[in-house]
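Protein chains in written order, with this note's numbering: chain A, 442 to 641; chain B, 753 to 1027; chain C, 4 to 576.
Because the hints were derived from the structure by calculation, they are not lab data.
Where is the CB? At the ideal position from N, CA and C, for every residue including glycine.
One thing to keep in mind: the hints can contain errors.
What the hints assert, rightly or not - Once the Cα atoms are required to be at most 20 Å apart in a straight line, the calculated SDA-like pairs of lysine to any residue come out as:
| # | chain 1 | residue 1 | chain 2 | residue 2 |
| --- | --- | --- | --- | --- |
| 1 | B | Lys770 | C | Glu468 |
| 2 | B | Lys885 | A | His562 |
| 3 | B | Lys766 | A | Met538 |
| 4 | B | Lys766 | C | Tyr401 |
| 5 | C | Lys187 | C | Ala105 |
| 6 | A | Lys600 | A | Glu480 |
| 7 | B | Lys885 | A | Gly640 |
| 8 | B | Lys1002 | B | Lys885 |
Claimed, not checked - One-sided excerpt, in silico: chain B residues whose CB lies under 8 Å from chain C:
| # | residue |
| --- | --- |
| 9 | Val803 |
| 10 | Ser919 |
| 11 | Thr1016 |
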Amino acid sequence: MTRRNRKAKPAARAPERPAAKRAARAPTRRRPASKASEEFMARAYAMEIDAAERYGEFADQMEVHNNPEVAKLFRQLAEIEGRHAKQILEEMNWPQMPPPVYALEWRTPEPPETAPVTELHYRMRPWHALAIALRNEERAERFFAGVARSPKTPREVRKLAAEMAEEEREHQRLIREWMARLPQPAPDWSRDPDPPALGD
Amino acid sequence: MNAPDTGLAPQSFKSDIKPVWCPGCGDFSVLAAITRALAMLGLRPEEVAIVSGIGCSSRIPAYTTCYGFHGVHGRALPAATGLKIARPELTVIVAGGDGDGYSIGGNHFLHACRRNVDLTYLVMDNHVYGMTKGQPSPTTEPGWSSKLAPGGTGVREFHPLVVALASGANFIARGFSGDPNGCARLIAEAVRHPGFSFVEILSPCVTFRPDQRAWKDLVRPAPVEPTDDPARAARRLMTDDGFNLGILYKGRRAPYAPAREPRTALAELAKEFAL
Amino acid sequence: MSSPLASVSVALAGSGGAGVMTAGNMLLEALARAGYYGLMTRSSGPQIRGGESVAMVRAATFPADGPDDRFHVLVAIDWQNVVRFADEIPLGPESLIVGDPAQGEPPEHFARCGARFASVPFKAIAKAIAGGWPNMVALGLLGGLMGLAREALEAAVARASRKGGEASEANLAALRAGLAEAAKLGAAFALAAPPARTPRWLVTGNEAAGYGALAGGVRFVAAYPITPATELLEWMAPALARLGGTLVQAEDELASINMILGASYGGVPALTATSGPGLALMTEALGLGVAAEIPIVVVDVMRTGPSTGIATKTEQADLNIALYGLHGDAPHVVVAPNSLADCCAATQWAVELAEALQVPAIVLSDQYFGQARGVVERPVVRESAPRRLTAQPDGAAYRRYALTPSGVSPMAIPGTPGLAYTADGLEHNERGTPSSQPADHLAQLEKRARKLEAFDCGERWASVEGEGEIAVLTFGSPTAAAREAVVRAAADGVRARLVSVRLLSPAQPARLAQALAGVERVLVVEQNHSGQFLRYLRSVCALPREVASLRRPGPLPFRPGEIHRRLVEWSRA
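My request is simple: use the sequences and hints to build the entire structure.
Right under this line is the structure:
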């Protein structure tokens, strides 16, 4: 959840980010962007899209495994990330997706905000899902902070990256708040009295 | 990476069929890695066929928008061989698990390596039969206890990479599902490399082998560059502990490519029967 | 001198190095050149090299692709172990045995049959000619005994010499020496004048099947060697290459059947050939072909079973596995050639059926047809038009297994944009998505059955020859003996019709009933121990009240006499 739309992820009806701040930043994007900042925004876009897709897949998995509560939560997270991606297109005045930023071009195992598939469990609770989302935000923050810090990064990009890192921190705060409102999973949350089913 | 850009994102290679794999299964990563690799390679879904046998991981073709062939247990490689030879312009990827590939399909593995048809074979290895509920596979550790082999099989593991090298595979790599980008990179490289490319992907089974969660701390990039020298590769693989990731061998054998120029009309062939 | 014969059967035996097969082939070619029909079969000991073997050649003034009752002549270049062929070479008092005096007396068994014996010193004669071979002397002798023109024999020898680069002059000299020996004995088994010339082929059943497959459009073959199907595959290897197709040698039969499934899924008509043990290994994948609706053709050149059985000998005991060997309800096509030449047409038809119905087709050939080389009427072969119904993108969501009235659904060929699907052995819905829903299972079962039931196979389902109240029902190579038996019975005033079934599955009960209209008695002839064909017929149609089974297992082929006798006895009962 890197981008501008400060929707608090946690709540279904997340509060919008203060309009003033949003307005203040938007014009910088509408200026003819440098090539470096365009590339950076394309990368940010790829992060959003990939994160959204992964949350969508998680929602599918939870639906297949009859965990509607968590499915719904992942669906929400997917929608939020998807909106962010769309917003980048609008704000950059891109008529369509920028060229894909492929897997090869990330140093991390996946785009930084994308949740690893291995962390799921069919009996998981919403609290677990948010814990995953929190780690995603943390990775995203580290990524942007690294870009902002790097002396190789052009100045205008450093500024953008620093803003985004700041936003990721804000997201983390919101997710923590949300997690605090949810019940902690019971110690035996993963217990299943039945054995696994047979397949092909 | 500069690829002929189809403008297709990885997601274009995912179908709307929802996988039945357990949440947390490493195979989800492999699916993501395949779709990313195909996008990177600039291929279109209809130019790719994914062929599989039976098992959890063999369900993968239908989860893509590529042409798929979900055949019988252990026979993915022959089916893919027939397809690739009949239709050389297709990109043919074979996918499956350790039971499918190394046990029931073991003979085909040897011969696919030595035949060196231009295929990419991805084995999602979790050291267990998942679909039949947790029996030991050829790569299972001898001491791993299960219902079918209480106290363990006592039988040493199969070493797929060594066998692949000895049998003539032209590209040998190991990936880890916890590193989908790394896998995508390996898959793309394997597809590009001519001949039979074998990528073993450690893909933990969260249901029957929860102990495999520890794999993420055991894997490491192989501390060596790819070699084209089979003798070096052999030493490397024989001393390998199973957790070195990366391209371990890149051979130079020419792929199997039968001549296919029609030179004759059917009736010509009957002349040898004519009196 | 006896009166000219319409059919003469001779056998040429000898141990490794004697060259009896080479001579047998030359004799067959000479017969063909002289305008006769003919057939050569062979038998060998178990040794790969150096073993005893016999070439059995039948010459006739009529198309004959089965054996006669007895042999007129047995020539042995030596007697090493030749007695092992005693059952395969029935002789009678009218027969002639020729041996080399330097090789000792003929075995007791042959001496007992009452045949006349003559001595010809093959080795000594050959030795007197620089580079001469005893088998060429034997060839001359046999040709002479049959009254063959010298020119035809010489031409056959010359042609073979060109191929093999052997010393032609020496061979011709040895041939002439053999002809001189025949003259001493008199042309005791002279053939009647040859029939009018027609265009003919000299071909084995295996080669004919291979050619038919290519005519049907097969351009991919996966091959795992197995006796007696290997020659089919070996013939196809260079032939396919010349047509732009490919043959791949597989690591086993499991691989070969799955390779052809892969190739055909890719849109290229594909075939493999095997025998019983191989077919057994292939049955799982045949089920996949049924479920995923992938057309393939498997030629089963049947040999004596079960298990390794007698690998080099014929039998018709794979009918059950061909019809019923697949797991699940798996309708598929089974076709059997009813003559040696029909190996071509039947296999071509099998390809067409497989392609049109998107289903596996098994061709039940057998060792007798497969490995026999015959002079047959040249079949009229036209290349088949592509029969596969393929899908074209039309914007609609593609349903690979759409429930159509015919049961056949358009098949997308990989590479076609917008139609990608997964071919699946898992039960599936119309789209191809795996489904365990009862309704999907039933609908797909019915669709797959409907394809075969709704299909109109036309008149090719069987050959119906002759008229009469008795019908002889056959499939495969015993048809040749049955045909001759029916002709002989007619000469005895017993009218019988021959119904040789070509399309074994899907069964054609209505057509069979029509073919048997007016028939009161049916004699079912088959070459297996348990009566598989009769049991199958009873299960698919109502046979006339009086049914008799004439069955026996391999390894010996049916001979016309045993069927003829049965017909005559029955008609008098």
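Against the structure, the hints:
Between lysine 770 of chain B and glutamate 468 of chain C the CA atoms are separated by roughly 59 Å; this puts the pair beyond 20 Å, and the hint is violated. For the proposed pair lysine 885 of chain B and histidine 562 of chain A, the alpha carbon gap of about 17 Å is at most 20 Å, so the pair holds. Between lysine 766 of chain B and methionine 538 of chain A the CA atoms are separated by roughly 18 Å; this keeps the pair inside 20 Å, and the hint holds. Between lysine 766 of chain B and tyrosine 401 of chain C, the direct Cα distance comes to roughly 16 Å. Compliance with the 20 Å bound is thereby established for this hinted pair.
About 19 Å separates the Cα atoms of lysine 187 of chain C and alanine 105 of chain C, which keeps this hinted pair within 20 Å; it holds. Restraint check: the Cα-Cα separation between lysine 600 of chain A and glutamate 480 of chain A comes to about 14 Å, which is no more than 20 Å; the hinted pair holds. Between lysine 885 of chain B and glycine 640 of chain A the alpha-carbon distance is near 8 Å, which keeps this suggested pair within the 20 Å criterion. Taken as a hint, the lysine 1002 of chain B and lysine 885 of chain B pair is broken in the structure, with Cα atoms around 36 Å apart against an allowance of 20 Å.
Because the closest C-beta pair between valine 803 of chain B and chain C is about 7 Å apart, less than 8 Å, the hint holds. Interface restraint check for serine 919 of chain B: the shortest CB-CB distance to chain C comes to about 11 Å, outside 8 Å, so the restraint is violated. Using the Cβ-Cβ criterion of 8 Å, the hint placing threonine 1016 of chain B at the interface with chain C is satisfied: the shortest such distance is roughly 4 Å.
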